[in-house]
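Protein chains in written order, with our numbering: chain A, 1 to 305; chain B, 306 to 596.
Read the hints as simulated data drawn from the structure, not as lab findings. Keep in mind that a hint or two might mislead.
[As the list claims (entries may be wrong)] Residues of chain A placed beyond 10 angstroms of chain B at every Cβ, according to the derived structure:
#1 Ala-24
#2 Pro-38
#3 Phe-44
#4 Ile-63
#5 Glu-92
#6 Asp-112
#7 Ser-159
#8 Ile-197
#9 Arg-266
#10 Ile-295
[What the hints assert, rightly or not] Straight line, CA to CA, 20 angstroms or less: simulated EDC-like cross-link-like pairs of lysine to aspartate or glutamate:
#11 Lys-3(A) - Asp-35(A)
#12 Lys-594(B) - Glu-137(A)
#13 Lys-409(B) - Asp-81(A)
#14 Lys-594(B) - Asp-280(A)
#15 Lys-49(A) - Asp-67(A)
#16 Lys-48(A) - Glu-378(B)
#17 Lys-185(A) - Glu-198(A)
#18 Lys-303(A) - Glu-524(B)
#19 Lys-227(A) - Asp-280(A)
Here the structure is a predicted model, which is why all the values come from computation and not from measurement. We treat Cβ as the ideally placed atom computed from N, Cα and C, and that holds for glycine.
The residues making up each chain are set out below.
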Amino acid sequence: MDKNERIWKLLMYLRAGLAPVSWAEIVRDTDLYVDDGPSSRKTFERDKKDLRNCGIAIHTENIGGSDEAAGGTRYAIRDADLFLNLQLSVNEALALEMAATMVQFDAAWEMDALAKLGAGALPSPPPLRAQLSAPEELVPLHNAVDRRRKISFMYGGVSREIEPTLVFWRRGNWYVHGYQNGIAKNFKVDRFQSDVIEGPDNSASSYEVPDSVEAMSEDPLLYGPDKGILARVLVDAVLARQVERDRGGVVERRDDGSIVVEVDVRSPGAFRSWLFGMRDHAVVLSPPQVVEDVISWLRALAKTT
Amino acid sequence: MILWAHEHQPVAVAEVAAQFGLDADDAYSELYPLQGIEVSVNDEFHNLGVVIEDDGEIFFDRSPLFGRPRRLERGEALGLLATANAALRLPGTDIDSLKTAVSKLEDALGIGSNLAVEITDPQHLDVIRRATRDLEGMRIEYYAQWTDEVSIRTVEPYETINIAGDWYLRAHCQLRDDHRTFRIDRIETVELTGETHSRTDPGNEPFTVGDEAPVARIEVPANARWMIEPLPVEIIEDAERLVIDLPVSSTVFLESLMLRLGPEARIVSDGSFKDVASGVAERLLLRYKKS
């Protein structure tokens, strides 16, 4: 019998039965395998593997008792293993379809999912859409958070064991938030240097799941120690509106349209990155140690050729 | 193949073949015999209910194996939940229906939505979204970081798209009489013109870096790797030192990058970029002397 035909028949047979069946019953009741010898058994094992690779779960249960079949296995493919019990209203289905056309993974997971749910293509593209990357670590990371599993991976040249609590996407990057030796940290998924190894279910402690904003400040200038230095920065009229909109903190408005903003400097590197992103449009006014730090940086840079 | 075909109806054998990277004849010879497969269980015959016409069209009769949503694989499940949750933050979605759909999905999938997607909602996104939907022109005041200039332009929108966390408007720009891309958080003001356009969207060309852009070779200090991660660079060396090639469409951007990288970074290529870092540093130092 052709392999394709045999697998389909096995699928239909295991699904149609009223109760799980043993290997002996499969051999007796179907023409799928010539006998119950080792060669046929090997073929049966391969067929089960192929079905599982197609996403079709095979339910198994041990045969009890003390007769000849005891200790063996019975097999079935149940509706719950094959189908999703999901009843969406027309509006809910449409809202999901619209969502999946507006926010898309580059692996097209959501489109494959919609196809399985029987959704059709929307008549026209949405007026806006967002694209998300789908690194291969995302599925095990989500699994680990969902099943409270510890994970381990190489990061920054060091092996880490983390109790993950949240996976989040921000400004084009995926991060996992979790606890290493009881200390909360964030890890950028792009920087993982190995596969993610998952521990057993419930191997991680139960931590409160933070909001992504609590997990990592949205403002890179606030990374670092809890208390920083307040700096005043003059921003000219070209970028004044943008800076005011993005950061706020305006303490002075000048007639030429420029503004002075107050900024909490916790990480000198992040502050310089923000400041120099504006080039000639921004100058630090105070305090003296921050001004001196910027001037030293510029002097050193001016000497490079 | 047969499950995919069922989920993508109406479909032809040639489309199935293309999806699975097969020759159409090979796909036909795999699929055709499935019509005749049936199995008897408790004196009842079960078949796949699939019919393949001579012209290659695939049809499905009622079959207990099809017609209901199949279980989702892990990636599909989290992908759908994440997109649905992310879309809840976007303007223009049916929030109530989406919320109940997400709740039903979580129950059916047996997993939580513990995958957060933050999508920013810059000031003018909603009006630009509506103008894009209605093909309505806009007058925008825009700061172009590439040229370091503010300009007022009339644009005819094609698409509003979020890439790597930033929102962009792709549109025909009347000022340049060409297809341009505008980062929405750099649009200062938006005014609808009331006029609609009928231009055909030429596609994504403005997002591709031109081959003709000159390249600066830069040695980057190891602790500044994060600054170059989002850039379209080619890594030349990544052992004892990190050396990259960066296409430079604008010296304004290169100045900003060199200021941020600091004195430990060096432009190692000869040519017009060699003195960019020292030049911008000297210029900025003058501002500190004045103040």
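Hint check:
A cut-off of 10 angstroms between C-beta atoms confirms that Ala-24(A) is not in contact with chain B; the least separation is 16 angstroms. Against chain B, the non-interface label of Pro-38(A) holds: every CB pair exceeds 10 angstroms, the least being about 24 angstroms. Non-interface status of Phe-44(A) relative to chain B is upheld: no Cβ of that chain comes within 10 angstroms, the nearest being about 15 angstroms off. Listed as outside the interface, Ile-63(A) is consistent with that label: its C-beta sits roughly 20 angstroms from the nearest C-beta of chain B, beyond the 10 angstroms cut-off.
The claim that Glu-92(A) lies off the interface is violated: its Cβ sits roughly 4 angstroms from the closest Cβ of chain B, which falls inside the 10 angstroms cut-off. At roughly 5 angstroms from the closest C-beta of chain B, the C-beta of Asp-112(A) falls inside 10 angstroms, breaking its exclusion from the interface. Interface exclusion of Ser-159(A) from chain B stands, the closest Cβ pair being 20 angstroms apart, more than 10 angstroms. Every beta carbon of chain B lies more than 10 angstroms from that of Ile-197(A), the smallest distance being close to 17 angstroms; the non-interface claim holds.
Listed as a non-interface residue, Arg-266(A) keeps its Cβ farther than 10 angstroms from every Cβ of chain B; the least gap is roughly 16 angstroms. For Ile-295(A), the shortest C-beta to C-beta distance to chain B comes to about 5 angstroms, within the 10 angstroms cut-off, and the non-interface label is violated. Between Lys-3(A) and Asp-35(A) the alpha-carbon distance is near 16 angstroms, which keeps this suggested pair within the 20 angstroms criterion. Distance restraint check for Lys-594(B) and Glu-137(A): the Cα-Cα separation of roughly 51 angstroms exceeds the 20 angstroms cut-off, and the hinted pair is therefore not satisfied.
Under the criterion of a C-alpha separation no larger than 20 angstroms, the hint pairing Lys-409(B) with Asp-81(A) is consistent with the structure, at around 18 angstroms. A threshold of 20 angstroms between alpha carbons decides the hint, and for Lys-594(B) with Asp-280(A) the separation of about 13 angstroms falls inside it, so the pair holds. At most 20 angstroms may separate the alpha-carbon atoms for a hinted pair to count; Lys-49(A) and Asp-67(A) exceed this at roughly 28 angstroms. With a C-alpha separation of about 18 angstroms, the suggested pair Lys-48(A) and Glu-378(B) falls inside the 20 angstroms cut-off, and the hint holds.
Between Lys-185(A) and Glu-198(A) the CA atoms are separated by roughly 18 angstroms; this keeps the pair inside 20 angstroms, and the hint holds. At most 20 angstroms may separate the alpha-carbon atoms for a hinted pair to count; Lys-303(A) and Glu-524(B) meet this at roughly 16 angstroms. Taken as a hint, the Lys-227(A) and Asp-280(A) pair is broken in the structure, with Cα atoms around 28 angstroms apart against an allowance of 20 angstroms.
Going down the numbered hints, you'll see the structure goes against 5, 6, 10, 12, 15 and 19, while the others check out.
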